[in-house]
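Starting from the known structure of chain L, fit chain F onto it as the hints suggest.
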Amino acid sequence: MALLERAQWYDIARSTEWTPRYVTQDELFPPELSGGEGLPDEVWSTYDEPYKVSYREYVDIQRQKDAGAYSVKAALERADLYNKADPGWISILKEHYAAVAVVEYGASFQESRFVRWSKAPGMRNMATFGMLDEIRHGQIQLYFPHEYVSKDRQFEWSHAAMFTDNWVTLGARHFFDDVMMTRDAVSTSIFANFAFETGFTNLQFIGLSGDAAKAGDFTFSKLIQSIQSDEARHAQLGTPLLQMMIENGQREKAQKMIDISFWRSYRLFTVLSGIPMDYYVPLDVREASFKEFMEEWIVTQFMRSLEDLGLSKPWYWDIFLRDISEHHHGQQLGTYSWRPTLWWNPAAGVSPPERDWLEEKYPGWNDTFGKVWDVLIDNFANDRIDRTVPGTLPVICNVSQLPIVGTPSQTLRDISLVHEGRRYHFASEVDKWIFEDDPERYRHHKNLIDRFLGGDIQPADLGGVLEYMGLGVVGPGGDDAHGLAWVETYRKQLAKAG
Amino acid sequence: MALIPLASHFDGDFVIKLLPVDSENTMDEVAAAAATNVIGVHVFDQPGRTLRVRKQGADAPYGRSSTVAESGLEPTECIEIYFE
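Note that the protein sequences, when read in sequence, are chains L and F.
For the first sequence, the tail end lands on 497 under numbering that gives the first Met the number 0, and the numbers increase by one without skipping.
For the second sequence, the tail end lands on 83 under numbering that gives the first Met the number 0, and the numbers increase by one without skipping.
The hints are simulated quantities; they were obtained by calculation from the structure and are not laboratory data.
Quick caveat, the model's predicted, so the values are computed rather than measured.
Don't be surprised by glycine CBs; every beta carbon is placed ideally from N, CA and C.
One thing to keep in mind: the hints can contain errors.
[Said to hold, decoys possible] Taking lysine to any residue and the SDA-like style, the derived pairs with C-alpha atoms no more than 20 Å apart in a straight line are:
1. F:54 with L:409
2. L:150 with L:51
3. L:51 with L:77
4. L:255 with L:183
5. L:370 with F:46
6. L:370 with F:48
7. L:445 with F:19
[Claimed, not checked] So the derived label-pair ranges between C-beta atoms look like this:
8. F:43 with L:76: 45 to 51 Å
9. F:73 with L:250: 39 to 45 Å
10. F:74 with L:70: 23 to 29 Å
11. L:362 with F:23: 45 to 51 Å
12. L:408 with F:74: 23 to 29 Å
13. L:358 with F:73: 36 to 42 Å
14. F:74 with L:47: 38 to 44 Å
15. F:23 with L:250: 54 to 60 Å
16. F:43 with L:444: 35 to 41 Å
17. F:45 with L:388: 20 to 26 Å
[As the list claims (entries may be wrong)] If you only want the chain L side, here are some residues facing chain F, beta carbon under 7 Å, derived:
18. 389
19. 393
20. 445
This is chain L alone, in the form it adopts within the complex (with noise of 0.2 Å):
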């Protein structure tokens, strides 16, 4: 039978709406769950996805995309990079599978609450293709670490990462429970797919997937190829939600939504991408620096799709220019001292041709960060590995659920308030600022501090707190992924020197 062409019909079947008769229009679409307070009804139908398919042709598609990456994948499983790959890259594996594989299965719960709660037909068409996406992402991230676990128990954290109380899971499971799990489906689309697909996922996948290849490991790089083609296309989802929020006078609503949603995803990947890609990424097969990615992708890219919907840059913008210079390396300080409470082995990536690439990129970054290496480097070097983890916890921002650090005698500073009695702490003014945008949203999560001070975590030492956040009971704590062997050439500085 003859196929009519997909413009012939599309426009007809995806506006296919219905008027209820038996409960109301708010009994079907109830405003906390599907949002869009303000608009009128007839906008709906008017709601124009950028990007259409037809599920015959999403199938063809989807499958031809399993086939590349799973033959590739099948390909090269006899290679054994594992065996081959530097260790650092080798823990960039360990840290994406685990922070993001179960977080994509929660992305199908996110796209599945479209299909039914969206009052837009359009968007509740393509949502059903993003729920399919999502599912596919979450099983092929599971799948692909898989081959591994019999060879490092690390790899078990890939799924069982999400289900634990270890610090960087709080961190994420804060950030997607906020942003993905928690809101109603306008905001929803606008915080995940519009700020946070957009600009970050296109950070970690396309980022990550040239430092891959280059680094030989091409299942990984056409895995999240494959992955960010669907990214790509759901994305698009929040782009005419805006449209039709400014057309019908909610501008500020929608730019608030992006400023929260924007340095969340921000402060979480300064974790998941910025310090693999400044310290772990092997240094011959560096694509480029975290500032630079950003610098492309977020700052240039992102922003002129902001610009284009008639959007300003975030209020802090001057923080955020400042920030990517220096936050995360405060985080790969802040990881790497407390390894032990990681589910994989951190590269310390301050040997003396890195720290030179660092200082490149990061002009002062000797002067300081690299001061507090130099206290690192003199205990492993004089083999004082105890005196290389701290004997206390860092203080731990009550938004963003990481550590609060920031440049040595230049801009480290605690901002915490005191709300209905309790105090909060904040790793910047933004994280502060969101909280008390909202303080009933999120006035109520513990932290880890929060909960190690109030007796949640028992016995109250180092012992205790690895063991509740999971490490040597799903699998092995970290340690240095290079076995120190990076050390080396200080100690024959230090032995030269007498």
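Positioned in the frame of chain L, the structure of chain F alone reads:
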């Protein structure tokens, strides 16, 4: 006597650290306790110089023999420790 957790900002460090102290500790004792998590861990020692404690953002340090209880510091408030 009561255990009071403070937030410790040690000059030269990159991170705010949790510092459990006793309400009867003097500020010299507080500085010494903070130093155990920082000096020789993330910041080099500066022999011959004295460590002082002030509330984060304050101009003047606390008296060296004044106590945590006298300072009025509340749980998890942030203090700065620096070489004088």
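Status of each hint after checking the structure:
Annotation: proposed proximity of residue 54 of chain F to residue 409 of chain L holds, straight-line Cα distance about 17 Å (limit 20 Å). For a cut-off of 20 Å, the pair hint linking residue 150 of chain L to residue 51 of chain L is broken: about 43 Å separates their Cα positions. Simply put, residue 51 of chain L and residue 77 of chain L have alpha-carbon atoms about 39 Å apart, too far for the 20 Å limit, and the pair is violated. For a cut-off of 20 Å, the pair hint linking residue 255 of chain L to residue 183 of chain L stands: about 15 Å separates their Cα positions.
The suggested pairing of residue 370 of chain L with residue 46 of chain F holds, with an alpha-carbon distance near 17 Å, which does not exceed 20 Å. Taken as a hint, the residue 370 of chain L and residue 48 of chain F pair is honoured in the structure, with Cα atoms around 19 Å apart against an allowance of 20 Å. Of the pairs offered as hints, the one joining residue 445 of chain L and residue 19 of chain F holds, with about 19 Å between alpha carbons and a cut-off of 20 Å not exceeded. Separation of residue 43 of chain F from residue 76 of chain L is about 48 Å and conforms to the stated range, judged on CB atoms against 45 to 51 Å.
Here the CB-CB span from residue 73 of chain F to residue 250 of chain L is close to 41 Å, well matched to the stated 39 to 45 Å. For residue 74 of chain F and residue 70 of chain L, the Cβ-Cβ distance of about 58 Å falls outside the hinted range of 23 to 29 Å, so the restraint is violated. Roughly 47 Å separates the CB atoms of residue 362 of chain L and residue 23 of chain F, a value that falls within the hinted 45 to 51 Å. Look at residue 408 of chain L against residue 74 of chain F: about 26 Å separates their beta carbons, and that is inside 23 to 29 Å.
Between residue 358 of chain L and residue 73 of chain F the CB atoms are about 41 Å apart, so this pair conforms to the stated range of 36 to 42 Å. Between residue 74 of chain F and residue 47 of chain L the beta carbons are some 54 Å apart, a value that contradicts the proposed interval 38 to 44 Å. Checked against the hint of 54 to 60 Å, the pair residue 23 of chain F and residue 250 of chain L passes, with Cβ atoms roughly 56 Å apart. Look at residue 43 of chain F against residue 444 of chain L: about 37 Å separates their beta carbons, and that is inside 35 to 41 Å.
Separation of residue 45 of chain F from residue 388 of chain L is about 23 Å and conforms to the stated range, judged on CB atoms against 20 to 26 Å. Look at residue 389 of chain L: its Cβ gets to within about 5 Å of chain F, closer than 7 Å, so that hint holds up. Proximity of residue 393 of chain L to chain F holds as hinted, the smallest CB-CB distance being about 5 Å (cut-off 7 Å). Taken as an interface hint, residue 445 of chain L does not check out: its beta carbon lies about 13 Å from the nearest beta carbon of chain F, beyond 7 Å.
Consistency with the previously given hints fails for numbers 2, 3, 10, 14, 20, ordered from lowest to highest.
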